[in-house]
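Work the whole structure out from these sequences, hints included.
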Amino acid sequence: MAMVTSGRQKAGWGTANTVVVALALIPVLWLVSLSFKTPAAILDPSLIPKQWTWGNYSGVLSTSQFIRPLINSIGIGLISTFIAVVFASMAAYAVARLRFPGKGVLIGMALLIAMFPAISLVTPMFNIERSLGLFNTWPGLIIPYVAFGLPLGIYTLSAFFREIPWELEKAAKIDGATPFQAFTKVIAPLAAPGMVTTAILVFLACWNEFLFAISFTSTLASRTAPASLAYFSGASQFTVPTGPIAAAAVVITIPIIIFVVFFQRRIVAGLTSGAVKG
Amino acid sequence: MSTTAETVTGTTEHTQKQGKRQLSEGARAERRLGWMLCAPAVIVMVAVTAYPVGYAIYLSLERYNLELPQDIKFVGLSNYGAVLSSPYWWQALKVTVVITVFSVAITLVLGMILAQVMHRTLFGRGTVRTAALIPYGIVTVAAAYGWQYAWTPSQGYLSALFNNSAPLTSEYKAIAVIILAEVWKTTPFMGLLLLAGLSLVPEDLQKAAMVDGATAWQRFTRITLPLMKPAILVALLFRTLDSFRIFDSIFILTDGTNNTGSVSILGYDNLFNALNLGIGSAISILIFICVAIIAVLFIKGFGTAAPGSNVGR
Chain A
1 MAMVTSGRQK AGWGTANTVV VALALIPVLW LVSLSFKTPA AILDPSLIPK QWTWGNYSGV
61 LSTSQFIRPL INSIGIGLIS TFIAVVFASM AAYAVARLRF PGKGVLIGMA LLIAMFPAIS
121 LVTPMFNIER SLGLFNTWPG LIIPYVAFGL PLGIYTLSAF FREIPWELEK AAKIDGATPF
181 QAFTKVIAPL AAPGMVTTAI LVFLACWNEF LFAISFTSTL ASRTAPASLA YFSGASQFTV
241 PTGPIAAAAV VITIPIIIFV VFFQRRIVAG LTSGAVKG
Chain B
1 MSTTAETVTG TTEHTQKQGK RQLSEGARAE RRLGWMLCAP AVIVMVAVTA YPVGYAIYLS
61 LERYNLELPQ DIKFVGLSNY GAVLSSPYWW QALKVTVVIT VFSVAITLVL GMILAQVMHR
121 TLFGRGTVRT AALIPYGIVT VAAAYGWQYA WTPSQGYLSA LFNNSAPLTS EYKAIAVIIL
181 AEVWKTTPFM GLLLLAGLSL VPEDLQKAAM VDGATAWQRF TRITLPLMKP AILVALLFRT
241 LDSFRIFDSI FILTDGTNNT GSVSILGYDN LFNALNLGIG SAISILIFIC VAIIAVLFIK
301 GFGTAAPGSN VGR
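Just so you know, the sequences run in chain order A and B. Per the working numbering, the first sequence starts with residue 1, numbered consecutively. Per the working numbering, the second sequence starts with residue 1, numbered consecutively.
It should be emphasised that the hints constitute simulated quantities derived from the structure, not laboratory data. A few of these clues could be false.
[To be verified] Straight-line alpha carbon distances no greater than 35 Å define the calculated DSBU-like cross-link-like pairs of lysine-lysine that follow:
| id | chain 1 | residue 1 | chain 2 | residue 2 |
| --- | --- | --- | --- | --- |
| 1 | A | 103 | B | 94 |
| 2 | B | 94 | B | 207 |
| 3 | A | 10 | B | 229 |
| 4 | A | 50 | A | 103 |
| 5 | B | 229 | B | 94 |
| 6 | A | 103 | B | 229 |
| 7 | A | 50 | B | 173 |
Written as structure tokens, this is what we have:
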């Protein structure tokens, strides 16, 4: 609010900000702290490790138990995001610009799938994937990830596409641009931010997904990083692998922090555009 | 894409000139293009949701245990009878409803406060939003391990704060921890949705009310809240359905021990521990029905503010 703000009010909001930042970050910093603790220091509840070690990181980053799932996560996430964004862009373009019967049905269907309980699919999809040979393969996860990424993509992108001043395209053509030039030089740069935002949101959703990841995979061939955490074992079967799990959890959090720090504005715009204008 | 864009601009002009009843060639081309562009998305969405749900309905009417593949038999509704008469289903449903109601209610209040904080701060706006997005973005499983270790006696900082307690070993305390984890993770999303609603409240109205002597609380309840109703309902709908599906954090925190399993945990266990596709499918369908009921209730509650209708905007 750009009204008269007294010094006391400023201090008040400053305190509120600090509280928000602290509440958001302390649970994450706790994981970071655990990941740097030596096995002996794990049994010390302080937030700052008394003995520091890189051992947990070198441990998890040298075992295929974690590296392979990490590769699976990146590969499955990127492919799913790419397909979902391409399909969603096509549908969102149609929703934003064309008149055709069935548009309402499409939007309703996307809304339904956004609300769909994933567990309802697990049992039937498990059987379908087994009989089609998709169980424990990359496509076995990519297909459901694309399906669940699509509603998010269609909503966000059609909100973005509606804001694009499409008349510019006509103007460019009048000025002598070919249709291809009009698209690549005028429309594509305007559409790109929305597509980048959508891609980030879809990728984060795939990166985060756990239920399908543990249900439709059984080995390192396709198990993703979040699912692999649940199967971590300690040095011997009697040690709880707290340090390695914490280190692995921090590793899979790093990409999220990078996205959030660099694309904060876009993520906020993307999250709110679909929901509020939908 | 370039050619399609051109046809479109051409065709819209055509349609406007033509009468309504007879579809011009251009309008028909526009229709066809619209359908073609939507087709891949529709096919994937139907193939991955509608078809499996139909298949689940079929499976739920069969006795189908993966360990007894020769013993598959049509049994009508008896799987539903078995689930609905089982205390496990009702316990899981109770846990799910408790977690959903408490976490959504707490998230709504905290999200509203967070939205106000984000709306009113002039300094450090980016920092607050960036920090708030981290719980939203973090992998639920990673965060759940953080909470689990934090509440492990003689190891976790939160357990140490509360007399070395072990809340994850008792039913109600474990549910409280699950709710805490859920609230921490989802408040930022709620806050951002509400912030978007808050920015639609005209500043002039607030000022006018202030001049008329309305207190801050009056302004909030009489102006802000009614104008934000659509945003609040959308946020509540999404959060409620999301919370009802809770799985990841329970799987890590308690794995459903001490009666803390949600309906999703029950469905998962039935498939992978009992290997019972018939019962598992019946549970799937029952959860689907619960979600449908929640959605219908909310959409009725929207009234004129339903997504898609432009009233109240």
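Which hints from the list above does the structure break, by number from lowest to highest?
-> Numbers 1, 2 and 4, in rising order.
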